[in-house]
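Peer 1: Following the hints, position chains B and C against chain A.
Residue numbers (our numbering), protein chains in the order written: chain A, 1 to 215; chain B, 1 to 73; chain C, 1 to 492.
The set of hints was computed from the structure by calculation and includes no laboratory data.
Selected chain B positions facing chain A (Cβ under 10 Å, derived; list incomplete):
hint, residue
1, ARG7
2, LEU11
3, PRO13
4, GLY14
5, LEU17
We put the CB at the ideal spot given by N, CA and C, even for glycine.
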Amino acid sequence: MKNLPILFSGIFFALATSWCGLILSANLQYGALQPVAVDEGDPLYPQAISGLAAQGRQVYLQMGCINCHTQQIRPDGVGADIARGWGKRGTVPRDYILQDRVLLGSLRNGPDLADVGDRNLNTHNHFLHLYDARLVTPDSNMPPFKFLFRTQKIGDEPAPHALKFPDGSPDMPPAGYEVVPTERALALMEYLHSLKIDYELPEAKFAPAATPAKP
Amino acid sequence: MDWDFHRWVILLPGALLFCSCVAGLWWAISAGRGPEAERGARAVFTAEEPEGVVQDRFPAPRSRASLRQGSSN
Amino acid sequence: MIPFASLLASVDPRPDPRLSERARLSQIDASMRGPAVLFVVTALAWLAAATVLGLIASIKLHAPYFLSGTEFLTYGRLAPACANLLVYGWGCNVAFAVGLWIMARLCETQVKHLGMLYVAGGVWNFGVFWGVAAIVLGGSTSVEWLEMPAGVGPVLGSSYLLIALWVILCFQYRQAGPVYVSQWYLLAAFCWFPWIYFVGEMMTLWAPARGTVQALADGWFVQNALGLWFTPVGLAAIYYCLPKVLGRPIRHYYLAPLGFLVLALFSPWTGARNLIYGPVPVWIQTVSIAASVVLVVTMVVTAINFHLTAWAGRRDVWESPTLRFVVFGAVAFTLSAVIGVVTALRSVNVVTHFTQFAVGQGVNGLYAFFTMAMFGVIYFMLPRLLEREWPSRLLIQWHFWGTGAGVVLMLAALYIGGWNQGMLMNDATVPFIAVVRQLVPVNELRTLALASMAVGLVAFCLHVVLMLVGALISASRAVLVKNGILREGSVG
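Looking at chain A on its own, in the form it has when it is part of the complex (with noise of 0.2 Å):
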């Protein structure tokens, strides 16, 4: 082979057809998908998050939480992730067609978020992790957060996230003052509230003995 166009276009039709046969085929497969019931009547899935949890996302990408979490659960039966307690049923492409940065993950640091927001998580002590992640679990390697928050006066009352330290703590704040999240660790926080896979779709139904959600 020594003649210049017809190995170009070999090289080329060797990358086009795999773009049209993975990509292309995989957008006229289910690039349309749409939200939808499961019984008639029932809300259509998945549905779109609130205004602040959008916000949260951007704060996910700015930190590059990708990095250490994923956000997909493997069906019933491949690895643990249901058996963990990560979700109650693996996910779907349709559940991730109203996000506009899909955020899979492909490295596993710490536990998958798909469906944190369903585990029932002290918003607190959630805070708390966010913080500094040794303070709720000792031998964590998330890195501290302390950034996300700031020290402030305590006003007429404490304000509703402040976050209450263990007695000799050396991040508790002087006396009159209270640690609180800032603006990006609230919207973060409601971005990770918004993270659910707690409905069913007409593809994928909860698995038969999947365990309750635990911290």
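Peer 2: Then chains B and C, alone, in the frame of chain A:
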């Protein structure tokens, strides 16, 4: 877009393409062997860097004598 | 007509046919000197930056309070910054240098209009700096290997085209004679990269596809960046340097085109290899798995070509700095190809997916294979471009053992530790925090390995600086002698 219809549009030509690739590979292998290929293997060699001569070595350890004289490269 | 003809003549890369062959080859090397040195130096600078960031990120995995006061150094920003520095800063720059040089030599053409290449290189590096700075400052797109903001894409793309143009021109105007397999690999690689980059950027950032089609597009980009850009450039380099240095042709060379064809035809179909059991249609996963298995052909072909040739000349391999690195890369390629085939199988993928094992695969491909092979080519290339020998045995030894031992340690830690992590993660009775605890020694070993690789890199960078400084001194001395200011042979 109707997947049930379009899968034939994509998968059938895809399968045909695959078979023709296999046929092409078969031809390439059988046509490739022989003196032409060996000439191809020798295309890396030049008059300046010919076959049979090793072209790269660790630099020689410098002796004290040559250091005193000062190297002229 | 006349201006057009002279424009054509000005880009015609064929050397003057009146010169002897010897003079032609050194003319070719001389034409590449400036751009190759520029690309190598910038590549090494980016690699050094990537090593620093990678080291900090690795320490954070087992010591999370390390440098934790600022949001700009969180793991979530350093990890993608390091990856992008490796891919676009080090990987692409060194691929430009090596690809252009090997193509020019094999085609016996020279690269002209160097100003164009310098501008392109400058714009490329500006783009990399802007993109990585944006990631550190919080502008990451969170799309794997495309974390740089969308605006950087056209900057990199346009400077790339100026560089790739020369690879194609060299091929078009090559000397008559058989085409060597490295020329195919390089031509193909330099054509594939802009297309996959364009598709990746388009479908994830500029006009994002709906739902997980984005993830498919990103996966397609990442697999092709590895399989259709870095792999062909690395293979081209090994196919060139191994026989050249040994003075023996590649054994069973007739198989090489087969390896190339299989790679070209099947590697792009492995796009969903990292989405097995993920939210994409099952048939796409199956196609990717099947295509991954077929790639065993390329693995076998390159293994026969490389390892039989190297084994026959093994003493010369050990005595040559170039070949120590190049053969290391060749062995790493075989390993990564085998592991790639095996981990595509569903039953294995269940364990390795999402673990440090997958990180190890990335290191295997991008560092143990590609980077080590590129180190080898630089050892071969710079003496010929600068017309001087490497000055220090010791620095070469430090480089080889530092990076070699380091990457072997890292692969062992990530593969074994990652497999263990996967087995534990798939056991629901093991609490997640226990899995995290299990990984602490793995992460510590990774940091140690990176430190060793850093030491090796420092030795190499020092050595390159010594080479360049020596070349500059010789060149200035030659100019002074020529102008009568210095007497020939005097100690300057």
